[in-house]
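Chains V and F, in that order, give the protein sequences. Under numbering that gives the first Met the number 0, the first residue of the first sequence is numbered 0, with each subsequent residue one higher. Under numbering that gives the first Met the number 0, the first residue of the second sequence is numbered 0, with each subsequent residue one higher.
Please note that a few of the clues may not be correct.
[What the hints assert, rightly or not] In the DSS-like style, the derived pairs of lysine-lysine whose C-alpha atoms are separated by at most 27 Å in a straight line are:
hint, chain 1, residue 1, chain 2, residue 2
1, V, Lys150, V, Lys59
2, F, Lys28, V, Lys150
3, F, Lys30, F, Lys89
4, F, Lys28, V, Lys85
5, F, Lys89, V, Lys150
FYI, nobody ran anything at the bench for these hints, they're computed from the structure.
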Amino acid sequence: MVRRLVPHPLLSLMLILVWLGLVNTFTLGNLILGTSFGLIIPMLTAAYWPDRPTLARPLKAVEYVLVVLWDIIVANVQVAAIILFKRETTINSQWIPIPLELTSAEAITVLAGTITMTPGTVSATLAADGRAILVHCLHTDDPNAIRDEIKTRYERRLLEIFP
Amino acid sequence: MSLAAELLISIALIVSGLFGLVGSYGLVKLKDTLQRLHAPTKATTLGVGGVLIASMIFFYMETGHISVHELLISLFLFLTAPITANFIAKAYLARNTREEDLPSSDGDFGWSVYDDPPNSDSDR
Numbered sequence: 000m001v002r003r004l005v006p007h008p009l010l011s012l013m014l015i016l017v018w019l020g021l022v023n024t025f026t027l028g029n030l031i032l033g034t035s036f037g038l039i040i041p042m043l044t045a046a047y048w049p050d051r052p053t054l055a056r057p058l059k060a061v062e063y064v065l066v067v068l069w070d071i072i073v074a075n076v077q078v079a080a081i082i083l084f085k086r087e088t089t090i091n092s093q094w095i096p097i098p099l100e101l102t103s104a105e106a107i108t109v110l111a112g113t114i115t116m117t118p119g120t121v122s123a124t125l126a127a128d129g130r131a132i133l134v135h136c137l138h139t140d141d142p143n144a145i146r147d148e149i150k151t152r153y154e155r156r157l158l159e160i161f162p
Numbered sequence: 000m001s002l003a004a005e006l007l008i009s010i011a012l013i014v015s016g017l018f019g020l021v022g023s024y025g026l027v028k029l030k031d032t033l034q035r036l037h038a039p040t041k042a043t044t045l046g047v048g049g050v051l052i053a054s055m056i057f058f059y060m061e062t063g064h065i066s067v068h069e070l071l072i073s074l075f076l077f078l079t080a081p082i083t084a085n086f087i088a089k090a091y092l093a094r095n096t097r098e099e100d101l102p103s104s105d106g107d108f109g110w111s112v113y114d115d116p117p118n119s120d121s122d123r
């Protein structure tokens, strides 16, 4: 019963927080309106998202966000340097296939988003059975190093967060 | 507003402006669509991020309240930018790249742009 009324508790909480952030002032009326959005929207969309993802280690998720933010800053500088100082003809773009150990759809989505947001790599497509992801790398001479970094830095952490 | 705050805001704005400029220059300089795809993912991270940080400091100094709109903007960017980039990459693959040009997926199934997914009802 509770499960039917609140199919995604984390989504509900997120919607309430986003609503309060959008109106930017905390009042009881806003809280009630936000809570009703947080209850109604997950119910209406429950058919499209039947499984509830489990977050095993919420603290690890915080660590993951911080690691990714830091990597975004570092990688921004690296890519800016590639654009500014490398001649077009020496930019060595490559496709890198990465085998995945992650199985949950949510975890793979987060990984694909992370790969794209850390500049220098863009996730292009998945294998049809979801066991590998194809990444386009702007410039690298060592595709294996990029693959290993993504696997150890991001995928290992995601495996702990989404069991 | 104190001098230190003004300095911080100016630095954040200049950094974001520089990264925005480099990202746009990348669009001109790089050769093909997939390389150019790397430029907008950059402009939306440090380029927009710098403006948002400057805006947060400014409104905190002006009004004394922390504004969360900027955090929401970055949240929405982080949700939408990868999906846009992913769709552009997929469309490019479908139109301009042959399966033989890509490295193999090393699995039972090829890349989803060319290969059909396994027929399973629920477990995926």
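Against the structure, the hints:
The hinted pair formed by V/Lys150 and V/Lys59 meets the criterion: a straight-line CA distance of about 16 Å does not exceed 27 Å. Between F/Lys28 and V/Lys150 the alpha-carbon distance is near 31 Å, which puts this suggested pair outside the 27 Å criterion. A hinted pair counts as satisfied when its Cα atoms are at most 27 Å apart, and F/Lys30 with F/Lys89 qualifies at roughly 18 Å. A hinted pair counts as satisfied when its Cα atoms are at most 27 Å apart, and F/Lys28 with V/Lys85 qualifies at roughly 10 Å.
Between F/Lys89 and V/Lys150 the CA atoms are separated by roughly 22 Å; this keeps the pair inside 27 Å, and the hint holds.
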